[in-house]
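K.L.:
Assemble chains L and W with the ligand onto chain D, guided by the hints.
Residue-level listing of the chains:
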Amino acid sequence: MARPANSPSRDPLQPQRLSNGGLVDRSRTIEFTFDGRTYKGHPGDTVASALLANGIVLAGRSFKYHRPRGIISAGSEEPNALLELRTGARREPNTKATVAELFDGLEATSQNRWPSLDFDVMSVNSLLSPIFVAGFYYKTFMWPAKFWEKLYEPAIRRAAGLGRAADVADPDLYEKVTAHTDVLVIGGGPAGLMAALAAARSGKRVVIVDEQAALGGRAIDDAATIDGRPARDWVRAAEEELAARPDVTILRRTAVFGTYDGGTYAAIERVADHLPQPKDHHPRQRLWRIVAKRAVLASGATERPIVFGDNDRPGVMLAGAVRSYINRYGVVPGDNVVVFTNNDYGATTVTDLIRSGANVVALVDSRPKPSETVSRIASATGIKLLNGAVVTRAFGKKRVSGVTVRTQTGAEVKLLCDLVAVSGGWNPNIQLTTHLGGKPAWNDRLQCFLPGALPPSMSLGGSVAGDFSLHKALSGGAAAGASAVALEGAKPITIVVPQAADESDAITPLWRVEDHAGKAFVDFQNDVSDKDIELAEREGFRAVEHLKRYTTLGMATDQGRTANVNALAIMAEITSRTIPQTGITIARPPYVPVALGALAGHHRGKSFKPTRLPPSYKWAKEQGGVCVETGLWLRPSYFPRKGEKDWLDTAKREVNTVRSAVGICDVSTLGKVDVQGTDAGIFLDRIYMNNLKSLPIGKARYGGMLREDGVLFDDGTIARFGDHHYFITTTTANAVRALQHMEYCSQWLWPELDVQIISATEQWAQYAVAGPKSRELLQKIVDPAFDISDAGFPYLQVGEITVCGGIKARLFRLSFSGERAYEIGVPARYGDALMRKLWEAGREFGACAYGTEALGVMRIEKGHISGPELNGNTTPHDVGLGGMVSKTKDFIGRVLGARPGMLDPNRPSLVGFRPVDRSARLRSGAHFIAQGVEATAENDDGYMTSVAYSPSNGHWIGLGFLKHGPSRIGEIVRAYDPVRGGDTLVEVVKPVFVDQEGVRVRG
Amino acid sequence: MRIACPYCGERSLDEYLYSGDATVRRPDFASPTAQADFVKYVYERKNSPGQHRELWYHAAGCHAWLVVTRDVSTHIITAVEPAKDVALGTASSMKDTA
Amino acid sequence: MADSTLQPTSAFSHLEPTSLPGIAIEPRENFTMASFAAGKGRLEALAAAIREAYGVELPRRPQRVVGNGIVFVWLGPDQWLAIAERTNNRDLEVELKQRVAGLASVVDQSDGRVIVRVSGPLAREVLAKGVPIDLHADTFGVNAVAITHASHIGVIMWQVDAAPTFELAMFRSYADSFAHWLLEAVASTVPAAA
Ligand SMILES: [Zn+2]
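Residue numbers (the numbering used here), protein chains in the order written: chain D, 1 to 1003; chain L, 1004 to 1101; chain W, 1102 to 1295.
Honestly, the hints are just simulated from the structure, not real lab data. The hints are all genuine.
Over 12 Å on every C-beta distance to chain D, these chain L residues come out as not near it, computed from the model:
1. Lys-1049
2. Gln-1054
3. Thr-1072
Partial chain L-side listing against chain W, Cβ under 7 Å, derived:
4. Ser-1015
5. Ala-1063
6. Gly-1064
7. Cys-1065
8. His-1066
9. Ala-1067
Just so you know, even glycine gets a beta-carbon here, dropped at the ideal spot from N, CA and C.
Next up, chain D with everything else stripped away, as it sits in the complex (with noise of 0.2 Å):
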């Protein structure tokens, strides 16, 4: 079709392209590629006005059927024109064409096509799409399962699969940014900019923001005046105020895309994708959560589409993107255009495409009687209106060449053109007032749902509210910023509302064409059709979540913003009930897709969390130790030297030499908790479930804490300063866990009680100091004041002493390991140094360092239990701590714990064990079972718990529980190990494995 007659002069390059208008900068050209092929473009441009100036609709083919998809929209909810933009390590799939923003070289490669965008094989899909229809997934794919992993999925996956992912690591930065506002405002169109206007000037604090690259919405989109000047002129000058307040933050191409409870909202800024990649060290996006004492909703409205047969043809596209292409970039998607429309809004873009030089073959009309603002359109522009007259059907394949127009009469006429300007009416933007579960309401005069309950401390603005006319934005933007200023205690001011139309926002429901030839989609992303929903009604599928899940309506990355309200009215038709009555939608966040790297923020890969290191993590590393993640700390598991072949060789090594010499080990990884107070004593007593009432001062004892239901929660050491003074070790594990019991002991079950509690943990480096030579080794460390020998310094004492030539310092005479052994502590700031002198002072020793392996063998050959015995199911009894447990004091799990379940011997219990053949290695996991009996749930007697090659026995050791365990020393069991294939027999043995008798502690 030839391009009218008075169209004016136009880039032969961009041939779409208005010679003005707009926010493109015509004074740069930028160049891009799409599919391969290089076109040229403007700075402020979308990819999508650039591929429409160079008169590509075309951009991609759909999810199901491959059928020809065309940009339909100007932003965010776009269906259909889905990008994979950039190469690389960069390539992002399923990008919106209509909302990224042009740069120099961008690539951009349509989806979902193979081998091209011309021709797709796939596309066969829609000639069997009988077979295609709603509830397909579920239907052919019920049976076999295997069938199902094997074959459909991945075929499916294969022909279907929206786009691909890089498939290298993602390089770019994310950050996440906490904002603090009186007033969050969401849209930057006029209702937006004008509620921040009247925050902003009673000197409240504000945030602002918009999606899109520039502020101004409809307005811009509009060519609309605002007191009597252009629109942006305006825009420029509200925006230029905001920006010279220091209390107010301006948010460009930043999406809300959440509501959360207690005024907080998610956002996601673009900060970098329009950009060929993000500048240095500056990230690609940044999450923000905004926490808003009031927030104002201008999030406008979005059009929707009338759903006619074949109405997916490329060139079929939004009214009111017609005219955002035209007024916001400076381009004309079509030459000769048929507008249809049930609304007078959408009759307005007659007077645009006439103004652009295009040629309107049409005003088709569905209302039977012009309205004011029609007849005066069709007055003013002298084109052919058809009123009482709808489109039944496009045709073209790969762009819209005409459309089958059925009149008043009933007579059928085809119109020629090369584009569909289609305005269903406007659905306001309501999701961010739904997310907490507010409901919305229909309103019959609009058609369309405004929002129902809104969140605590939001407010509307603008269209969301259905105030549709520039006017009504714009005074209801003021209004709903300056109430929500005074509620936050603001003097009122007065704002001046600045003069624009009020356009009518008469429209007359028409959803669908009835007795429409070819398809006619709802969802286009998801290509469900109006058959589809009629399929679904058929089969029961009538409520609104049932619908969805059946059809997959709604389901994609746009959130089925042009669907799902149009889905809704055609199912009241079918089921001839209202729209309230067939239902509602209510969604849920992200409103629009977030990236998962700007979920994670600076918290990913090594940074995923925090690390700790321990005093003398650097000297570790030095002499070669090699560490690993417990919890968030960073320990060295052991130190390898010269021709050991692994880490087992090496944990030998270690183990030989503490239990021959002496080793030193980093244990300040140890909660250490200080308690003092007149109550101390009492407190620690309620707590812990042994007795500490009789612990002297200067000494240590091992305790057990449990919960209130009678389980082990912790272990650890007591040790007594003064007579209102104790210090508490807690594993590693549950180091804050044990502080945060404590407190809750303090606060809330005891509060009578005189107790402080301070955590000390990091206070201290503090290192075990084991073996028989360990006392030797100390001597040069400690300060000679100090009595450390046998008789001055016994097992279990403790003491404040001086180091190095008077450090403080703490010595500890306990002993994990089985022998002599200390616990020294000093000052963090001299850890790493004093780390370097026990080394050096080790030397004559030939003192090792040992890690966290050695440690983890010598603990089971001692049968102490750790991690893998604290589990969360087991009771003193179990571990064989019983003994321990006072019968004479109420403490935290006395009397949940001792149930008769509780202390049962049925119960499983800890016991050692070895292999019968000593050359087997054993696991743990492995569940006991009797000689003799099958190997079945019933016959489980238990299971181990921990593992160990023994160097001090030769062979594998293991503790774990079994039933009556300590009366079945002796006895032979199979240790069975189904996962691991796994099946060794072993014998029970008493779960010490070194110096049954313990005297080496005692040197």
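P.N.:
Here is chains L and W with the ligand on its own, set in the frame of chain D:
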């Protein structure tokens, strides 16, 4: 959700830990019905909608245990008191201890 | 401790005092610090003892107060942190134990925490990338104290002056992780090279 710690001020949920029902009190271990009392105390809860009195811990803040009165259907919080004061019977709702 | 053969080492393996347009960062470790908690029923007596010894009023809400050569930082209900320069072997644990004996439990924290000072017009913008609380001058302000977290690391923080200068104290073992986050936040805030 945001909780106003009586000591620290309003903070986001991620600073707090929820820790159960604040209406149950630890029974007397010496009572003849101690075992039944403790079973009730530890395990028995009504999962009712509407207003609850809950224990929360300001874990990432001042380490105060708090009694929070919250409607579990709407998340609307009507009182936050130091657990210590509630336990001692000296609490007055929402009172700033400053 | 000048005679000792042990020398202290920094908890930071790579954080140096740094000054960039709009922001300066400085690790601080050379202090003596002790926490103390009032004994039951001893709050007023403790406040009087501190007033007597240092001429300041212990803050009862999240504030800090600067005395003569000492700073008291609110650390939770009835708890404070006392901080002083570590000169002439000053040891606040020892000093406070003498002055508040029988009134409060004193615990040495000189090595438990390290402090990072963040100062300059960009400080609030940088800190907002990890600190979830409102640091606006109208709500926080000079001498305000908060116990919160920064990039998932627990911190006690306070504002020193209106530059603004903030100090954040964290457990020693987190020093490097904190510095890593802070430097990343600074790099993404100061204007990038084009
Ligand atoms: Zn608090």
